[in-house]
Amino acid sequence: MALVPLTAADMEKNLHVWLETEFTYFKVEELAAELTLLARDEQDFILNWIRRIASTHITLAWQFGRRAPALLPRMERRLLEAWAIHTCDVFDRTGLQNALRIMEQVDSFDEAQHQHDAAGALFEDIAPILGNFVCGLSGRRLKLEEGDAAWTDGERIVLPPLIATLPDLDDNFQLAKITVALLWAQTRFGSLRIDHAAIAASYADPERALNRLYALEILRLSAHIARELPGLHRQMQRLRSQLDPALPASWQPYEVTLSTREATLDDSLALLAAAYEDADCPQWSDQGCLRPEAIAAARAARLDIEKARLRIKLAELLDEHQANQAEAPEAPDTPPELNVEPRDENGQLDFDITLDDAPIAPPDGVKQLLTSVYLDFGEIPPDYLTPAGDGEYDPNRVFDQPEDTDSVWQGTYHEKGAELYPEWDHGRQHYRKNWCVMREKPVTPVYDDFYRDTLGKHAGLVRHLRKKFEALRDENRLEKRQTQGDEIDLDALIEALADARDGSEMSDRLFMRTHRAERNIAVAFLVDMSGSTKGWINEAEREALILLCEALELLGDRYAIYGFSGTTRKRCELFRIKTFDDRYDDEVKARISGIRPQEYTRMGFALRHMTKLLNKVEAKTRVLVTLSDGRPDDYFDVYRGVYGVEDTRMALMEASRTGIHPFCITLDREARDYLPHMYGAARYIILDDVRQLPVKVTDIYRRITT
Amino acid sequence: MNARTLDPAHHLIENEPYYEAVGEEIQLFEAAYRQQIPVLLKGPTGCGKTRFMEHMAWRLKRPLITVSCHDDLTASDLVGRYLVKGGETVWVDGPLTRAVRCGGICYLDEIVEARKDTMVVIHPLADDRRTLPMEKLGQTVEAPPEFCLAISYNPGYQSVLKDLKQSTRQRFVALEFDYPSATLERRIVATESGVSEAVADNLVRFAQMTRNLKGSGLEEGASTRLLVHAGKLISDGVSPVTACKAAVAQAVTDDPDMLKAIQELSSSIF
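Chains as they are written, first to last, in the working numbering: chain B, 1 to 706; chain S, 1 to 270.
So that you can see chain S by itself, here it is in the shape it has in the complex (with noise of 0.2 Å):
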């Protein structure tokens, strides 16, 4: 069996990513998209960022190159970089000027996660300017009207370290994400999961349990991702206590109490 190799900077997404907006941040992201201002996306993890900018860029239509940022990620792994081939210098673009040479939408995960020097790439691309400049190059890429470029970040880590620094964060657009309301959710974990309502149902349940934990001894509650997860295994079937603990118990905490205590809040539920 063969993997399909896509090249992101022409690949469309075809099929609609199911994406269920909880208030008006469809129109609002279109809309900063036709005025070409660049876009920050607030939220815990797990909660559709990454769906929502999937859905999004099928919507308008363009390719999506995301970059998940670490703290290696430089500001060369951006732009790009001469690597030698046969003995010979070849420049390589980087997913960002891939994404500003052809028009997509650029879209840096966890932003706060990169170095410190990946913004001073960001920033000219990120003000009227639009423009990526390519210190080794000794070029500067205008970026076309269809390119955006889109950054999120979690505010819930509250670390000095990794705060946004201001100069950066009032260049964007900000859309806040929040995990979604019981009903809304309920259904997006039927939809996605391919479980029973009712299943889904528990499943919001026992999230929203984790969520009061958040505070007293866990760092997040359970997300909605996890909760797709655990819905896909029992659509497997996987029993639900099981499910649980291995998509979200065991994902959310190491610590053994709490591991034991949310085995009991999921035991009580299902």
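Only chain B is shown next, with the shape it has when bound in the complex (with noise of 0.2 Å):
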């Protein structure tokens, strides 16, 4: 039965506190008209996504109020969906101006040209396929990216949002894959080696050139597809021939001459000046299009970073086989003769090093600099291969350096070297994309007596830790009466032997076998160090950490333990305590007495990289402990409040789907209602007297981990 639609006063009444129409003015009253004409689906459809939007900007929702009635009928929920979060997404990244261009932007929306939307590969689907797709085929290694169209620099290969040329969603893909595997072989089979703009130049109308000269290089590269990628090929055949005209026959004989298995750049651009003069220009609808200007700016960027860093390698690594030979020899009058044999067979690129005609085996590093620099040039350059002489690069230009995350700071703000970490937008129901800057920063050590006072304050309360923690250790356990063991369990065996005198049934458990419960834990603890710790709270916490630490060097765990902090999103922090890494030493501890408060309690990101990190260590089981003061806060963000309790709620969810098993300490004495659901996949447990917290977190840990 469907339900009966909304009336308008039933909508205005929610639109006018949505739409905040106290201070905005906009007429809600004629939306409300315009949605009484819609099914009930269809009304609610709208409703909610207008509350979503307007949790983010109440203009954005607004807009899309007007729009979505008359786009409902022409264009497919899932579009209008990824529509308004991408809208969303421009609004969270460049700001108000750039996501209302994108909102009139759907007004040219044309049906004709998106009939096949529904059936749309859209990019966020298919790239991590595609990803590791051409990471498996030879060459540079390519980035995937998104852009407004399908292109390439030789670095990265982007593709549209949305690639929906067909009717049916494996097609549109195969078309996706087609495109990236024509990209892909642009770099690799060299048709980016050239300036484009200089050759252009040389024509009356470059653009008409540099279309024909990109339309004899598809030619080219298709037929080392159909060689290297056979299945590819026909796909990109049976596309071809549904999707675009069959090749002019002014361009056959062009194809003949670029299906050669030796056809290269060269001959395309022989070819130029005839396909030039041609009326014709066959176009495709896999080939993307050609951006000479990003190639160049590439290519620019890479060759001489390239060369300088192939030539320190070299060096190093000639450096290091001289080393390794037992009495170099006297120091020759000629420098050793280092050769390069490229060897580019079987779809297969590969190098082989002769050092004065001894072969020497490339590291893995090396390797990649020549196909690189290989496929810039078809060969290496001679000069490329006389390494580097002492101090002629400066390493720190030449290789990226760890950013000094401070440095970072002294400026506008900018997101270098820092992780992105998404958000969940309760309001919205969707995630932010790449919200948190997030970035590790380590804590100053302070060599101070607060270990050897913490130890000596509750020294009752460690030698009845040690106790107890030693109980856990991998002890060997005897297992009696089993059916296989290393050893025959002898009481067992009088009892079955006598059994057996006696006419009943003998058991086969006869057996002992020593059984190691092996603890195979690692633990991550997550730390506030949120301004509000300061004081009592904080000191409970060092306190507490040093006697876990203590306690958890007896068990032979692994753990890391980090402390969290931030101001705003652009500016998350994570205080490295000790790593995963990291032993238990001096300096450790005066990282645990150099913890202080710092700022306001963004918890997300911290949960979501904590969870990252604990997800790369070896373990059977894994377990997150949060020490906190309470309620996510942040300055003057909408964190405070219900957005970043359920931004928590989400990440603890994240790492529970992940297998990490979350707990969550609180330090609280009011006990606030919204914790069982902000925990909601974790358990945890309030502490409302914060002398308790370094007796009890040890004693927590041992209970959740046996």
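Because the hints were derived from the structure by calculation, they are not lab data.
Each residue gets a CB set at the ideal place from its N, CA and C atoms; glycine is no exception.
Among the hints, a few may not be true.
With a straight-line Cα cutoff of 20 Å, these simulated EDC-like cross-link-like pairs (lysine to aspartate or glutamate) come out [what the hints assert, rightly or not]:
hint : chain 1 : residue 1 : chain 2 : residue 2
1    : S       : Lys-85    : B       : Glu-618
2    : B       : Lys-480   : S       : Asp-72
3    : S       : Lys-245   : B       : Glu-145
4    : B       : Lys-620   : S       : Glu-113
5    : B       : Lys-616   : S       : Glu-220
6    : B       : Lys-612   : S       : Asp-255
7    : B       : Lys-612   : S       : Glu-219
8    : B       : Lys-620   : S       : Asp-178
9    : S       : Lys-260   : B       : Asp-502
10   : S       : Lys-260   : B       : Asp-499
11   : S       : Lys-85    : B       : Asp-502
12   : S       : Lys-214   : B       : Glu-618
13   : B       : Lys-620   : S       : Asp-71
14   : S       : Lys-136   : B       : Asp-486
15   : S       : Lys-85    : B       : Glu-419
16   : S       : Lys-260   : B       : Glu-505
17   : S       : Lys-116   : B       : Asp-502
18   : B       : Lys-612   : S       : Asp-257
19   : B       : Lys-616   : S       : Glu-219
20   : S       : Lys-214   : B       : Asp-502
21   : S       : Lys-136   : B       : Asp-491
22   : B       : Lys-367   : S       : Asp-178
23   : B       : Lys-480   : S       : Asp-77
24   : S       : Lys-245   : S       : Glu-220
25   : B       : Lys-620   : S       : Asp-77
26   : S       : Lys-260   : B       : Asp-486
27   : B       : Lys-616   : S       : Asp-255
28   : B       : Lys-612   : B       : Glu-419
29   : S       : Lys-85    : B       : Asp-499
30   : B       : Lys-143   : S       : Asp-257
31   : S       : Lys-136   : B       : Glu-487
32   : S       : Lys-116   : B       : Glu-124
33   : S       : Lys-85    : B       : Glu-495
34   : S       : Lys-136   : B       : Glu-479
35   : S       : Lys-85    : B       : Asp-486
36   : S       : Lys-85    : B       : Asp-508
Chain B stretches covered by chain S per the calculated footprint, using a threshold of three residues with CB under 8 Å from any CB of chain S [stated by the list, open to error]:
hint : stretch
37   : 133–140
38   : 486–494
Starting from the two chains in their separate frames, assemble the complex, guided by the hints.
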């Protein structure tokens, strides 16, 4: 039974609230009147989205409402949703003006052009698959990115957000895959080795010349694909026969010339003059487009730096090689002769490096550099093979340096060298992409007596803990009466023999086995370092950490300790106190002592980052323990309140979905009612007395890991 | 139909197991065997370590006793134990003891997986003492000159927990194995599975693509063994894409995106 449509009055009430008409004066009555004409589920769909977008920006929600009723009949709901989310993302990234422009673009939405959108391949769906696909093909590693159209600059392949040329989802995916392969082939088979601008300049109509050159290259690359990837080529022919007109007769001779195995870019260039005069120019729906400026820019940036890198690497290789030779021969008068022989066969690129005719095995990094250089030139230019002399290059400039996390802040906000994490927007019911800018920072160690004092203060407790934790350690336990085992269980055997004499059934459980209960636990502690922990709480946290470390060292569990704090989403900071690889030494103790309250409590990013770190550790059981003083909070930000609670809840759910066991310890005197909801996926405990913390934390840890 | 039951201690491999030498491993192994030095085979899974051992056992005409080590394998599993039979306790030799007694080749596959206490029994066998202490019997068995100990391990795991201790590894002559070169691998796949050279060529090319993915989502690329499996399916009439999916893609990963990506690679080739 269909639900009764909502009346205008019903809807107005909500719209007034969501769109804050008291201040914005939006005419919700008109909108409501328009919506009354729709069916109930359509109304619900639009209203739901107005509410969700309004939580991001009211004007956007209003614009959405104005447009959506008209769009609904001609646009798939899936696309309408994608459009709404995309608008919000653009707003997040670049502000209201751009978001409104995206909103308006939908007006020019042409139904005919988009009739297959419902079956379209969305970039976010195909990117993980095609990203790996491209990785598997040989040559330089290319990144896959989303952009306005399909093109490549030799370092990345850009695809549009939606490929929807065909009525079938699978075919659209195939089309995307063929496009990716053609763009990959441009790098792999040397289409990008020339200066396109210079070539185009010699023609009266540069645009026309480039189009024809690109078409010639597509012919050549298609032939390469036919040889390298015959399966893909079959799909390509099938789709081209559906979508594209046959090759013009005047172009067929070109195809024959360019299809030979030996054809290179030079052959295409040789044919360009003739093709330029040709009235026809074929175009394929899978060809993507040529961006000469992007290619030139990427190439210019790459050439010098790779030359330097390669020469430095070769110098290192040479040094290593000479050091390995047991007795170095007299220093030769001539420098050793380094030769690189590229082998481009069977679809695989490989390099033989010889030093004075003796082969040496190149490390992986050198091979990748050689591949990249080879793809740029079609050979390894001799001057690339002179090992760098001492001090010729400043390695700091040539190799990417880890960013100094503090220097980033001297200047305007930018996101260089940081990791980006999404955040759950409760109102929008969707993630905000790349929302939190997260950096890991070290804690400055403070060498004082804190460690000793803590142990002294809790001397009794430490002894007690030691005893308790020692009992948990990997002990070999003898399991008796087993069906299999290393040794015979004499008691069981005697009993069994007696049973047998007696005429009753003889048990086969006659063996003993030593069983090792292996503790294979990795645990990450996430400590609240927000300003609200100042004073007692901070001290209790630090004491608790010291006691915990003492106990964990006994158990041999792998553990890491991080602190979190932040101000706004642009400055989320995670403080390294102990990584999984650090040993519990004086420096770690000094860092624990150096934990100081910082700023606010934004929690989602910290949980997400710890989830990532924990999942990299090999362990049977992964535990994430958070230690905080309650409500997530941030500076002048929506994070305070429901938003923060929901984001934290979501991050905990994400963690437990990956198999991590989250456990939250909260210091909160008021035991607020939102806690059970926030910790939904996690187990938690609320402590109302700060002084209990050091005692409790270790005890809790013991309970949750046994 | 009755399966043949073989007694490994007296069973000699009759037919030559197919093996293509990549380098000088056969000469090296023979020299080590003559000099009574134990051998350590290193290399990724499915690159031919076990096949190499079978081939060497055939060449040297010695019985081969293979033990695949797992994380529950104890010293008693190797040496032997008392069992109860009809009210009496009977000692039963483990595979290692049997190999020592009959002068065979004992091959402990994936040794790092075994429990640490197994090393204790291997050590005296692996140095110049060449003895096997049997604690529970109070005996020590001396290995005859024909006995040979070989172990294998895969350094690719890179886990601290699964590393071979220096005290163990420094007792062995190490032979390194890797995937064979494309030409050789093509020949191996064609010979083993009976597919044509052209199909074998495509299979090898496909394997190289999956090996390119190592480190970016895949733990290991497709091994030669998997290619042989795929080849066998193909020569039995399965279509190449289906065979690659079943024998290779599903074998190397569970990740749905990665599976699809590998599928796309194989369908691009065939």
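Cross-check of the supplied hints:
With a CA separation close to 43 Å, the supplied pair Lys-85(S) and Glu-618(B) exceeds the 20 Å bound. About 17 Å separates the Cα atoms of Lys-480(B) and Asp-72(S), which keeps this hinted pair within 20 Å; it holds. The suggested pairing of Lys-245(S) with Glu-145(B) is violated, with an alpha-carbon distance near 27 Å, which exceeds 20 Å. For the hint linking Lys-620(B) to Glu-113(S), the alpha-carbon distance of about 16 Å falls within 20 Å, and the restraint holds.
This hinted pair checks out: Lys-616(B) and Glu-220(S) have alpha carbons roughly 17 Å apart, not beyond 20 Å. A distance of roughly 17 Å separates the Cα atoms of Lys-612(B) and Asp-255(S); the hinted pair therefore holds under the 20 Å criterion. The straight-line distance between the Cα atoms of Lys-612(B) and Glu-219(S) is roughly 18 Å, inside the 20 Å bound, and the hint therefore holds. The suggested pairing of Lys-620(B) with Asp-178(S) is violated, with an alpha-carbon distance near 30 Å, which exceeds 20 Å.
Among the hinted pairs, Lys-260(S) with Asp-502(B) is inconsistent with the structure: their alpha-carbon atoms are about 64 Å apart, more than 20 Å. For a cut-off of 20 Å, the pair hint linking Lys-260(S) to Asp-499(B) is broken: about 60 Å separates their Cα positions. Restraint check for Lys-85(S) and Asp-502(B): the C-alpha separation of about 18 Å stays at or below 20 Å, so the hint holds. The hinted pair formed by Lys-214(S) and Glu-618(B) meets the criterion: a straight-line CA distance of about 18 Å does not exceed 20 Å.
The hinted pair formed by Lys-620(B) and Asp-71(S) meets the criterion: a straight-line CA distance of about 14 Å does not exceed 20 Å. With a CA separation close to 10 Å, the supplied pair Lys-136(S) and Asp-486(B) stays within the 20 Å bound. A hinted pair counts as satisfied when its Cα atoms are at most 20 Å apart, and Lys-85(S) with Glu-419(B) does not qualify at roughly 65 Å. Proximity of Lys-260(S) to Glu-505(B) is assessed by CA-CA distance (about 56 Å); at most 20 Å being required, the pair is judged violated.
Proximity of Lys-116(S) to Asp-502(B) is assessed by CA-CA distance (about 42 Å); at most 20 Å being required, the pair is judged violated. For the suggested pair Lys-612(B) and Asp-257(S), the alpha carbons sit about 19 Å apart, so the restraint of at most 20 Å is met. With a CA separation close to 13 Å, the supplied pair Lys-616(B) and Glu-219(S) stays within the 20 Å bound. Distance restraint check for Lys-214(S) and Asp-502(B): the Cα-Cα separation of roughly 64 Å exceeds the 20 Å cut-off, and the hinted pair is therefore not satisfied.
Using a Cα cut-off of 20 Å, the hinted pair Lys-136(S) and Asp-491(B) holds, with the two alpha carbons roughly 18 Å apart. Distance check on the hinted pair: Lys-367(B) and Asp-178(S) sit about 18 Å apart at the alpha-carbon level, within 20 Å; holds. Between Lys-480(B) and Asp-77(S) the CA atoms are separated by roughly 18 Å; this keeps the pair inside 20 Å, and the hint holds. With a CA separation close to 16 Å, the supplied pair Lys-245(S) and Glu-220(S) stays within the 20 Å bound.
With a CA separation close to 25 Å, the supplied pair Lys-620(B) and Asp-77(S) exceeds the 20 Å bound. Under the criterion of a C-alpha separation no larger than 20 Å, the hint pairing Lys-260(S) with Asp-486(B) is inconsistent with the structure, at around 46 Å. Restraint check for Lys-616(B) and Asp-255(S): satisfied, since their Cα atoms lie roughly 16 Å apart, inside the 20 Å limit. For the suggested pair Lys-612(B) and Glu-419(B), the alpha carbons sit about 12 Å apart, so the restraint of at most 20 Å is met.
Proposed proximity of Lys-85(S) and Asp-499(B) is supported: the alpha carbons are some 15 Å apart, at most 20 Å. Taking the CA atoms of Lys-143(B) and Asp-257(S), the gap is near 16 Å; set against the 20 Å cutoff, the hint holds. Of the supplied pair hints, the one linking Lys-136(S) and Glu-487(B) holds, its CA atoms being roughly 9 Å apart against a limit of 20 Å. A C-alpha spacing of about 47 Å is found between Lys-116(S) and Glu-124(B), which places the hinted pair above 20 Å, so the restraint is violated.
Simply put, Lys-85(S) and Glu-495(B) have alpha-carbon atoms about 15 Å apart, close enough for the 20 Å limit, and the pair holds. Straight-line distance between C-alpha atoms of Lys-136(S) and Glu-479(B) comes to about 19 Å, which keeps the hinted pair within the 20 Å bound. This hinted pair checks out: Lys-85(S) and Asp-486(B) have alpha carbons roughly 16 Å apart, not beyond 20 Å. Restraint check: the Cα-Cα separation between Lys-85(S) and Asp-508(B) comes to about 11 Å, which is no more than 20 Å; the hinted pair holds.
Coverage of the stretch 133–140 of chain B by chain S holds [criterion: at least 3 residues with CB-CB distance below 8 Å; count 5]. Here's how the stretch 486–494 of chain B fares: 4 of its residues keep a CB closer than 8 Å to some CB of chain S, so the rule of at least three is met and the hint holds.
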